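*Asks:* Starting from the structure of chain Z, add chain R where the hints point.
Protein chains in written order, with this note's numbering: chain Z, 1 to 619; chain R, 1001 to 1158.
Hints listed in this document are in silico derivations from the structure and should not be mistaken for laboratory results.
Calculated lysine-lysine pairs in the DSS-like style (CA-CA distance at most 27 Å, straight line): (1) Z:Lys-316 x R:Lys-1061; (2) Z:Lys-164 x Z:Lys-362; (3) Z:Lys-476 x R:Lys-1061; (4) Z:Lys-524 x Z:Lys-427; (5) Z:Lys-524 x Z:Lys-316; (6) Z:Lys-316 x Z:Lys-335; (7) R:Lys-1061 x Z:Lys-524; (8) Z:Lys-176 x Z:Lys-362; (9) R:Lys-1061 x Z:Lys-323; (10) Z:Lys-365 x Z:Lys-427.
The following label-pair restraints were derived from C-beta to C-beta distances: (11) R:Gln-1011 x Z:Asp-172: 40 to 46 Å; (12) R:Arg-1014 x Z:Ser-100: 54 to 60 Å; (13) Z:Val-594 x R:Thr-1105: 20 to 26 Å; (14) Z:Ala-43 x R:Lys-1151: 20 to 26 Å; (15) Z:Trp-358 x R:Val-1132: 38 to 44 Å; (16) R:Pro-1101 x Z:Asp-46: 29 to 35 Å; (17) R:Gln-1018 x Z:Asp-206: 18 to 24 Å.
With the C-beta cut set under 7 Å, the calculated list includes, among others, these residues of chain Z facing chain R: (18) Pro-34; (19) Gln-37; (20) Ala-38; (21) Ser-39; (22) Cys-72; (23) Pro-219; (24) Tyr-222; (25) Arg-225; (26) Gly-315; (27) Ser-374; (28) Gly-377; (29) Gly-383; (30) Thr-456; (31) Ile-603.
Fair warning: this is a prediction, and the values are worked out from it, not measured in the lab.
By construction, the Cβ of each residue, glycine as well, lies at the ideal position given by its N, Cα and C atoms.
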Amino acid sequence: MPRLAGIGELENLRAAAVAERQRASMTLIVCGGPGCQASGCRAVADALSEELAREELTSEVQLRVTGCHGFCEQGPIIIVEPAGICYCRVEPGDIAEIVSTTLRGGVVDRLLYADPSSGERVRSAWEIPFYRLQDRVLLALHPEIDSSSITDYIATGGYSALAKVLGEHSPDRVIKAVTSSGLRGRGGGGFPTGRKWATCRAAPGDEKYLICNADEGDPGAYMDRGVLEGNPHLVLEGMLIGAWAIGARQGYIYVRNEYPMAVEHARLAVAQAREYGLLGDNILGSSLCFDVEVARGGGAFVCGESTALMASLEGKVGEPRAKDVHTVEDGLWGKPTVLNNVETWANVPLIMRNGPAWFAAKGTKGSKGTKIFSLTGRVKNTGLVEVAMGTPLRTIIYDIGGGAADGVAIKAVQTGGPSGGCLPADKFDLPVDFDTLAQAGSMVGSGGMVVMDEHTCMVDVARYFLAFLQDESCGKCVPCRLGVDRMLEIVTDITEGRGRPEQLELLEELGETVRETALCGLGKTAPNPVLSTLRYFREEYEAHVRERRCPAGVCRALIAYQIDPERCTGCGLCRTACPHGAITGESKQPHTIVADACLRCGICQSECRFEAIVLTERG
Amino acid sequence: MAIASLQSVLQGRRSQPQQLIEVLQDVQDLYGYLSQESMTEVSAELGVPLIEVFRVASFYKAFSLTPRGRHVLTVCSGTACHVRGAARIVDQVTGELAVQPGKTTSDGLFTVEAVNCLGACALGPVVVLDGVYHSQMSPRRLRRLIESVRKAGNGGGS
Chain Z
1 MPRLAGIGEL ENLRAAAVAE RQRASMTLIV CGGPGCQASG CRAVADALSE ELAREELTSE
61 VQLRVTGCHG FCEQGPIIIV EPAGICYCRV EPGDIAEIVS TTLRGGVVDR LLYADPSSGE
121 RVRSAWEIPF YRLQDRVLLA LHPEIDSSSI TDYIATGGYS ALAKVLGEHS PDRVIKAVTS
181 SGLRGRGGGG FPTGRKWATC RAAPGDEKYL ICNADEGDPG AYMDRGVLEG NPHLVLEGML
241 IGAWAIGARQ GYIYVRNEYP MAVEHARLAV AQAREYGLLG DNILGSSLCF DVEVARGGGA
301 FVCGESTALM ASLEGKVGEP RAKDVHTVED GLWGKPTVLN NVETWANVPL IMRNGPAWFA
361 AKGTKGSKGT KIFSLTGRVK NTGLVEVAMG TPLRTIIYDI GGGAADGVAI KAVQTGGPSG
421 GCLPADKFDL PVDFDTLAQA GSMVGSGGMV VMDEHTCMVD VARYFLAFLQ DESCGKCVPC
481 RLGVDRMLEI VTDITEGRGR PEQLELLEEL GETVRETALC GLGKTAPNPV LSTLRYFREE
541 YEAHVRERRC PAGVCRALIA YQIDPERCTG CGLCRTACPH GAITGESKQP HTIVADACLR
601 CGICQSECRF EAIVLTERG
Chain R
1001 MAIASLQSVL QGRRSQPQQL IEVLQDVQDL YGYLSQESMT EVSAELGVPL IEVFRVASFY
1061 KAFSLTPRGR HVLTVCSGTA CHVRGAARIV DQVTGELAVQ PGKTTSDGLF TVEAVNCLGA
1121 CALGPVVVLD GVYHSQMSPR RLRRLIESVR KAGNGGGS
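With the rest of the complex left out, here is chain Z (with noise of 0.2 Å):
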């Protein structure tokens, strides 16, 4: 393919791409995101290939593998467009059915989404309500596009903004439309975009520099991962814009190596945008010069702080620096430079293709257009979920989310990740938005949202964040460093039962501390999890702390199992499964647990199917 000497040429190639997508008369959609991938979906995806070759049925009938459409809990899902047909939970051995079906024009009832309390089968994909309550901007474009395929992002209207930016828009201009347009940070800060840029621009120096932060270390969180494997082109054209307005020649995509296909695909998008001549010199024929390399992480949390990262990316040990002099003037190599979020940088071409109003009508008045969150946890609808900010959680986890998993009820939900916090269900009216949940004790954060129920510890989760964070702590800075491992050590004794009552001032105090003094982002916000517990849940710690007792029965020092004589019938499966060796008996007669050698795992309790093995408190 020849280089797009101008915008004129990029817009004969739109009309060519335009044509050939609509060469067939039917396209079958097959989600490749994440979440399907680990439920088969290649297996999915080649069958279909298999069966359209079969079936001599290529020209008329397009098979696109696209990035991640979301509802990842009834993955494999296939999409047949234009009809909008969506069938959930597809297996290799349904295509042969769905093929010959569809195209006598059919359904096949069986694999379309069941509304689960009427058992109603749902033909369209934006009939259920998961789809039809989001407020879908970023997600909406996935399921249109190959993300392997630049002609497809170009059919769509991809690189549209960069040609009018290059054509019509000085940097300020620029500048002031993302500004005006009130984009914050998604990364976590919700700093604003328009004013990171203008400072960075004004900053003394040519050289300046570009950042994607791809290196999405929350535990919990992959909306990241979703638009960049989905739609890796739509950032790359939010960092050229963004090169426009600063005036930065070279930019560089940090991804977790964790995600090897984000890394494949960034990596092919810039080769593609490079042959194209969408990176490189002139850009479109304008004055634009960019380039963008593709860096990998080493699966190190605290990376995901803009000097961490900084340094990581010039090839050292990722510690991060006090701000005092801020990246926007001292950033990469010294060098001025601007660091935003994938989904930060994929909102740019929209607003400049849309313009800033259309942006800002969604949102509240200090949180403006809409966010990915990933829904998970023990919810029944998981998945990628984008709405307006402002959305009430209880939408979010109940409307959207379906409610509780299996029946049991639902008492928090985590945002944010390790920096952010847990709000009990008393405050799922709350709006999301960013000053709102950390009025409450979390915060958006990059978008994690982790819905726990009955059967979740609220202690153990404080402990398993801080067991997170000690673990990533850089070392750098003394209240992080100890600060953390403390308050861990604390958690850990009330876990165990070694708590003790004033101990809970104690980490209160320590939390406050680290807050104060920890030199980074995450140093600062570390103590958040254990605070936002004390906060909304005091009652479970002092279960822990004065009974010695774990409400939810997790803590495994704190419980035991038994098995029940009159339920067992000796069939053995617990004594097979347990990993442990901890349960013995004869063949028809009823088995015991070895109480010392039992390390409380509940597996033997999930294998049984006598509901013959209790848990009960530990005496």
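*Replies:* Same frame as chain Z, but now just chain R:
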């Protein structure tokens, strides 16, 4: 053969200290771990002091300083997997293979790793065996998975 590969990793990156992490990633992919010899070579070729190479190699989780087993079994311990019972999955692995996360079984068949998040959170608990994701894991499904690897290993005579 192996040395030639290390040379190809270094090609175009010599005397560029900023390429250290990218080079180490590729060396790790190539050999499955970072040996002292390869780190010494990288140090000399990139112009980075050996102590700095070692510091970077031991700082980032992506790097292993010891050889790994023929199969790598990674258990996700992200928040979403944790609240859905990832601890039981860890119990199953450590109990059955008699090895703690980060270590390799004595027969060299499995290296077990626990990671903080694999980004397939909607379908937890998640386990990755040699790069292939397995979702909604239960101790029972994991037992079968381990068994299938053992059988394949014996059948292959390795």
